[in-house]
Each structure stands twice: as structure tokens, then as C-alpha cells.
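There are 2 protein chains.
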Amino acid sequence: MKPAAVSSAAPPREETDGRPLPPGWRSYTSPEGLRYYVNSSSKETTWRRPSLSAESPQRLLARHNSSPYANGCHGSTKTSQPKETAGVALRKPSMDKQPAGSVSPAKRQIREVKETKITINCVTFPLPGEGPEQQLLKPNEWSYCDYFWTDKKDPQGTTSVAGFEVLLQKQLKGKQMQKEMAEFIHERIKIEEEYAKNLSKLSLSPLAAQEEGTLGEAWTQLKKSLHDEAEVHLKFSNKLHTEVEKPLLTFRGDNFKKDLKKYDHHITDLRKQLASRYAGVEKARKALADRQKDLEVKTQQLEIKLSNKTEEDIKKARRKSTQAGDDLMRCVDLYNQTQSKWFEEMVTTSMELEKLEVERIEWIQQHLRQYTTLRHETDMFNQSMVEPVDQLLQNVDPGKDRELWVKENKTGDVRPVDMDI
Amino acid sequence: MKPAAVSSAAPPREETDGRPLPPGWRSYTSPEGLRYYVNSSSKETTWRRPSLSAESPQRLLARHNSSPYANGCHGSTKTSQPKETAGVALRKPSMDKQPAGSVSPAKRQIREVKETKITINCVTFPLPGEGPEQQLLKPNEWSYCDYFWTDKKDPQGTTSVAGFEVLLQKQLKGKQMQKEMAEFIHERIKIEEEYAKNLSKLSLSPLAAQEEGTLGEAWTQLKKSLHDEAEVHLKFSNKLHTEVEKPLLTFRGDNFKKDLKKYDHHITDLRKQLASRYAGVEKARKALADRQKDLEVKTQQLEIKLSNKTEEDIKKARRKSTQAGDDLMRCVDLYNQTQSKWFEEMVTTSMELEKLEVERIEWIQQHLRQYTTLRHETDMFNQSMVEPVDQLLQNVDPGKDRELWVKENKTGDVRPVDMDI
Numbered sequence: 008m009k010p011a012a013v014s015s016a017a018p019p020r021e022e023t024d025g026r027p028l029p030p031g032w033r034s035y036t037s038p039e040g041l042r043y044y045v046n047s048s049s050k051e052t053t054w055r056r057p058s059l060s061a062e063s064p065q066r067l068l069a070r071h072n073s074s075p076y077a078n079g080c081h082g083s084t085k086t087s088q089p090k091e092t093a094g095v096a097l098r099k100p101s102m103d104k105q106p107a108g109s110v111s112p113a114k115r116q117i118r119e120v121k122e123t124k125i126t127i128n129c130v131t132f133p134l135p136g137e138g139p140e141q142q143l144l145k146p147n148e149w150s151y152c153d154y155f156w157t158d159k160k161d162p163q164g165t166t167s168v169a170g171f172e173v174l175l176q177k178q179l180k181g182k183q184m185q186k187e188m189a190e191f192i193h194e195r196i197k198i199e200e201e202y203a204k205n206l207s208k209l210s211l212s213p214l215a216a217q218e219e220g221t222l223g224e225a226w227t228q229l230k231k232s233l234h235d236e237a238e239v240h241l242k243f244s245n246k247l248h249t250e251v252e253k254p255l256l257t258f259r260g261d262n263f264k265k266d267l268k269k270y271d272h273h274i275t276d277l278r279k280q281l282a283s284r285y286a287g288v289e290k291a292r293k294a295l296a297d298r299q300k301d302l303e304v305k306t307q308q309l310e311i312k313l314s315n316k317t318e319e320d321i322k323k324a325r326r327k328s329t330q331a332g333d334d335l336m337r338c339v340d341l342y343n344q345t346q347s348k349w350f351e352e353m354v355t356t357s358m359e360l361e362k363l364e365v366e367r368i369e370w371i372q373q374h375l376r377q378y379t380t381l382r383h384e385t386d387m388f389n390q391s392m393v394e395p396v397d398q399l400l401q402n403v404d405p406g407k408d409r410e411l412w413v414k415e416n417k418t419g420d421v422r423p424v425d426m427d428i
Numbered sequence: 008m009k010p011a012a013v014s015s016a017a018p019p020r021e022e023t024d025g026r027p028l029p030p031g032w033r034s035y036t037s038p039e040g041l042r043y044y045v046n047s048s049s050k051e052t053t054w055r056r057p058s059l060s061a062e063s064p065q066r067l068l069a070r071h072n073s074s075p076y077a078n079g080c081h082g083s084t085k086t087s088q089p090k091e092t093a094g095v096a097l098r099k100p101s102m103d104k105q106p107a108g109s110v111s112p113a114k115r116q117i118r119e120v121k122e123t124k125i126t127i128n129c130v131t132f133p134l135p136g137e138g139p140e141q142q143l144l145k146p147n148e149w150s151y152c153d154y155f156w157t158d159k160k161d162p163q164g165t166t167s168v169a170g171f172e173v174l175l176q177k178q179l180k181g182k183q184m185q186k187e188m189a190e191f192i193h194e195r196i197k198i199e200e201e202y203a204k205n206l207s208k209l210s211l212s213p214l215a216a217q218e219e220g221t222l223g224e225a226w227t228q229l230k231k232s233l234h235d236e237a238e239v240h241l242k243f244s245n246k247l248h249t250e251v252e253k254p255l256l257t258f259r260g261d262n263f264k265k266d267l268k269k270y271d272h273h274i275t276d277l278r279k280q281l282a283s284r285y286a287g288v289e290k291a292r293k294a295l296a297d298r299q300k301d302l303e304v305k306t307q308q309l310e311i312k313l314s315n316k317t318e319e320d321i322k323k324a325r326r327k328s329t330q331a332g333d334d335l336m337r338c339v340d341l342y343n344q345t346q347s348k349w350f351e352e353m354v355t356t357s358m359e360l361e362k363l364e365v366e367r368i369e370w371i372q373q374h375l376r377q378y379t380t381l382r383h384e385t386d387m388f389n390q391s392m393v394e395p396v397d398q399l400l401q402n403v404d405p406g407k408d409r410e411l412w413v414k415e416n417k418t419g420d421v422r423p424v425d426m427d428i
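Top to bottom, those sequences are chains R and Y. Each number in our numbering corresponds to the 1-based position in the first sequence with 7 added. Each number in our numbering corresponds to the 1-based position in the second sequence with 7 added.
Derived from the structure by calculation, the hints contain no laboratory data. Take these hints with a grain of salt, some might be off.
[As the list claims (entries may be wrong)] Taking lysine-lysine pairs in the DSSO-like style, the calculated list, with each CA pair at most 27 angstroms apart, reads: (1) K290/Y <-> K279/Y; (2) K279/R <-> K305/R; (3) K414/Y <-> K159/R; (4) K264/R <-> K305/Y; (5) K231/Y <-> K246/R; (6) K279/R <-> K264/R; (7) K231/Y <-> K177/R; (8) K204/Y <-> K231/R; (9) K159/Y <-> K414/R; (10) K322/Y <-> K160/R; (11) K290/Y <-> K197/R; (12) K204/R <-> K246/Y.
[As the list claims (entries may be wrong)] Here are some chain R residues the structure puts well away from chain Y; computed CB gaps all over 10 angstroms: (13) R195; (14) W226; (15) K230; (16) H248; (17) E250; (18) T257; (19) T275; (20) A282; (21) A286; (22) K290; (23) D297; (24) L309; (25) E319; (26) Q372; (27) D427.
Remember, it's a predicted structure, so these values are computed and weren't measured experimentally. The beta carbon of each residue, even a glycine, is placed where N, CA and C say it ideally should be.
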């Protein structure tokens, strides 16, 4: 019998991609836009979603680039856009079906279907070796969107964590890392301030302050140079604070975590929807099995004239069976839609996280290079603080010092003479 | 009358330096080697030490150079020898005496002598403007031997301190200065050790240790560089200790103070001897005055026939007077000998102190330059510790890091496919 709500157009004899339909089968399109096929003799129906064509990957990546997150989050630097590889093939969900053979009408219902897929945690994967070979979406890039489809089992094997969670945790850990780096820099700052304080204090020491002349000048400058060194280290620590520590603390602020949560909730919701759709499929599958069993039982009873069931009863059972089949097809299609949606969001979001990680690494690299620059500067300034001391030490002149001291301290330059009688 | 103990040679008629004797005067040499002159008519005698000729300064300086201290004290570096200026005139003790004129015998004893000299604290100086002009022993050198002849009065004016003491105190102060400098360096060493300890401790921090990949490597090296810096500062402090502090502490050791004490005692003893000689002169002067007064009184008494003193008494009085005169001359000559001795020792020893001071200044200069050299080195080493960090930061590669991390953490690369019915 005809499925309900069918389009009035004549059923085509080809599939959407041009392949001819197997003999005896016709295709129809439901109002939801789902295509289904009916076997004119057995009246079996089966549903099939249109296969995703080769243009979809580009469509996905294009949508990712125009997303509000395409240029990174608050305060991050602009990084290079992820490369779009042309001609990447997305998955081709395939549905192989054996054409009906010359079998008894009852047996035609039962089809030998080889197990080619497996559903784990409500996500459907091809079994190894089955189906067309999958190419990486972004070959040679080790992209997040290629490697995190499966849920990860925890060591005990009791629960599992979505691959996406692993990516999210990495970003949260990155935030933790920048905080710890800031702390490390802070500790360095404290050490520098302590050192500067000690040098400054010692530079004020009156030790050997009584040394005079050119040697005294050199010594005074030597003591002063400690204060100059202290200034250099203080400057270093101040710059460390403003140019490295503070940026590390404020990079990506609080909004970052909120954004990550949004991603998290979004993807998690889609998984929940998928789980719900899957539950629906299981339910419909069971209902169909019950209906088919009922029909089979009733048919058998008729054949062996076991009961007084009329043809009418069988027709009712067959109708219910077909309806259950329709329901199943609809549930499967809704599930596949939802899975596709989740898939798209996964690709988009994981590439967003990937870009955030690139930005994080480059930002940190830049600021740590600022640290080494400041270190270089500090050592150079420090060296220059020794110059004046060197200069004065070169000018130390014992003769000059004697002149200065003697002028200051002489007692009398008139020499003794013989006494007269 | 002839003075006792005279040489048997005929009295010469010229002075030692070839100048002719004034008329009526003859010269004799006593066993002590002292030359004296006798006026044949008045029988006056006068003593005169041979005047120090122009060769004496060289003799003095030559003796100074060959002294055991000529090459400095224990452990000091060889410095340049004090310059010997040729033709330097030492003092010329002069004794101006009016030749006896046509005066009454009595009056011939009393001579109008203009005050040309003054004895202060037992040391005899020419009065300002009197006597031949004194040239500096070592012109343009501000030498110790030219400027410390007078005793220094203390501010209250109660006691005085020998010029030599001032020179000695300077050397003792110099020893104090080197001790204080060593202390200063010690404080710097402690500061460096503290800094090194803090850096080393921080370098072991586990902060951000979970950062992985090329960024993690750079971060690890950055942390390690703190330990390298610590090592540099530790090396600096160790070298400061062995190459600056310790030498400053041990330069000139304890023997130095002992040597200074020896000089002190030696010169002080000579001053004491001089004081003693001076006391002798004062005593002899007083005795002579007494004798002369006695003679005068007796002569007057004879003239006015006041007493029954005979010619014999007057001859006795005159004899005693002459003896007293001889005594005085001897005392004055001994005094002048002692003063000359002290003078020579003053020149020798003050130049020794001068040399010690030159050595002290140059030695300290050398070791403080060592300090600045170590500072330079330290800054250069420190700078080089940043190099490897810089290098690794340049190599930070987000792509590589993603590859490493994805390989390590991927959950599954098989993408989901549509579910079949």
C-alpha cells in the first residue's frame, strides 16, 4: 500500500544521484523531504536520506570562517586562518541493500543485512574495513576536527568522556598554565626586588669612607655602583611586572571561560538530542519487530487454518506493520539529521578551539621573548654601571693622593738645623 | 788654653771645606772626631761640626735604598724607587759667629748674637727669614720627608704629636681601610649568595610544568636558566672571596703592624735621646752662665779692691769658666749629632712609609680592578644564559605542538556515518 502523505508527482525511477533503482522499486518524497522507496510487489518500504555530496566540506569550512568566533576571542591576536583544502571528501553514508531475490513472499521481508556499522554511546561509526575509506578532513595538519570523534573511556572503564571534552579541557589547562607562568614571573620579581634592596642598602655603607684622594674617589664610585645596579634590577622587575606578569594574568580574562562553557553546553546539548533520537529509533525498531512478528504469526495461522482469523485481520496486521516501518524510517532519519548537526558543530567548534590554542601558544611565546629581552637589557645596563668605576680605578694615582694628603696634613716643612752655642 | 785631648798634628789653618780660618783662629780635632777652633788671643774655643756638604743627600738616599726595607714589606709588590735628585742641597747648619773684635777681655766673652734659631720641643729650627734658604729635599714630589718636621699641636694646645706620628697614623689607618673594604666585599658576597639561592630554588618550581611540546620545552629551559644564572652569581661570589676579600684581609698581615711599631719606637727613642741631649745643653748653658757670672763678679771685686781675692782666685774662676764653655760646646755638639741622627732616620723612615703608601694604593687599585673585572664577567656569563632560552622560544611552533599533543591524546579518527535502518 501507498505510504501516507506522498507527493503527487509520479514516482521517479532513479535515485537522487542518478543511479537506477533496483527492479520493482519506486521512490517517493515525503512532506518532510525524506525520500522513500516502495517495492511494488512486496509492498515493503524503506527510507533513505539523500547522501551528503562532495560539496559539503567546503560548505562546513566556509561557515566556520564566517562564524562570530572566526577572528578569535577577546583580546587575542589575529592568527592565520585554518587552511581550506580543496576537494576534501566528507563521509559518504552508504546504505547497501540486497535486491529482493526470488524468495517466498514471507522470506522477502527478511533480508540478510551484513553488519557494517556500530553505534557507541548513540554515535554511529562504520566498522573497521567497512564502507568507503575516510580521508582526513585536514590532512597533514593534525587538526582537532580529525581526531576526537570517539568518546574516551576512563581507566576504570566505567564512564566515558566525549572527545570534545578532551579538547575543552586542554583549553582550560592552557588558562591554568598562563596563570602559573604569571606566578613564576611574580616570584622572580620578588627575588629581584630583594636583591635590589640589599644592594641599595649596602651602597650606603660608610665602610672605608675615610679613604681619600683618587683611591677614595674610586672606592666611593664603587659603592655607588651598587646602588646603580640596584636601580637596574628594580627597573627589570618593574618591566617584568608590566610587560610579562600582568599580561599573563589578564590575557583572555573571565570571558574566556564563559565562552568555553558556551561551547561545552552547546555540544553537550547536541549529544543529548542525539541520545534522545537514538532512544526513539530503538523504540521504533522494537515496535516494528513486534508488528512484524504479529503479522507473521497471523499469516502462519491462516495458512494452517489454525484460527478463524479473516483476511481482514491480516490486512490490519500488515497495515500496522507498514506503519511501524514508516515510523522507524522517520526516527532513523531524524537521528541522522541530529547526528549531522552535531557533526557540523563539532567540526566548527573544535577548529575554533584549535585556533585558540595556536593563539595562546604564540601569545605566550611573544611574552616570554619579552622576558628574555628584558634579561638581556638588564645585563647590558648592569655592565655599563661598572664603567665609571673602572674609569676612576684607572685614574688612581698614588702621587696625586700623596700631594692631596700632604697638603692637608703636613705639620711643617722647615727642616731642623744645628743648634748654635 | 788648649782643650784637653787634642790631636798631635799641627792645627790646620783652613776649614774642612777649604775656606780660610778667620785671623787668630786655629782648628783642632778631638778624639771624638769633632773639630774645634781656638782663638789664640782670647783663648776662646768654639766647636763646629763639619758642615754637611752637598754630597750628603745622595748619601742619605743611597743608604735608604739599600735598607732592608728598600723593597717593601712582606708580600707587597715592587714599586718604583724614590727618585734621587742630583745636586739637592741638604741643610747647612751654620754657626755664625762674630769674630772677636777690639773689646775688653771681659766683653769678648759676651757676644751679641742675633736670634736666628728657635728650639721647639728640643728640635732646633731656623727662624723665618734667617739662615740660607732651604730647598725641598724632593721638589715636586710632595714627599713625606719634606713636610713633617714640626710637631703638631692638638686642638686644645696642651700636647703635641710628632710629625712622624701623623705619617704612622696614616699607615695604620690604611690598614683599617683595607679591613673595611674587605668587610664591604664580604657583604656583597652574602647578597650574591642569597640571590643565587633564591634563583636556584625558584628554578625548581613545578609551576606550569604541565606545558608540553615546543612551548613546554622553552618554558622548561626558561626555568632552568634561573639555575644557570644562580650558578653565575655563585661563581662571582666565590671569586670575590678568593680574589678580592681574602687578599684584602691578609695583605700585610700582622707583621706590618709590628714593623710600624718598630719604626715608631726607633724614631721615638731618637727624639728621647735628643731631648736628653737638649737637657744636657740647657744644664751646661746654665753652668757656664753661673761660671761666667762668678768670674765677672770676682774680676769686678778685684778692680774695686773689694775683697782680698788674689789673682789666683781669678785664674781659677777663669779656668772653671773656660771648662764650662768646653762642656757647653761638647753638649751642643752631642745634641747636634743626635739631631742629625734623628734627621737621617726621619728622612729614611718617612720615605719608607711613603713607599708603603704608594704600594698600598696600587695594590688596592689592582684588587678593586679585579672586582670590576669579575662584575663584567658575571654580566657576560649571565647574558649567555639567556641564549638557549631565546633559541627555544624562537623554535616554538604551534603546529608541531598540536601534532605532538593530538598524537598523544586523540580519541578516535573514524568519523560518524548515517545510521542504517
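Exercise. Which numbered hints are broken by the structure, listed smallest first?
Worked result: 2, 4, 10, 11, 13, 14, 15, 26, 27
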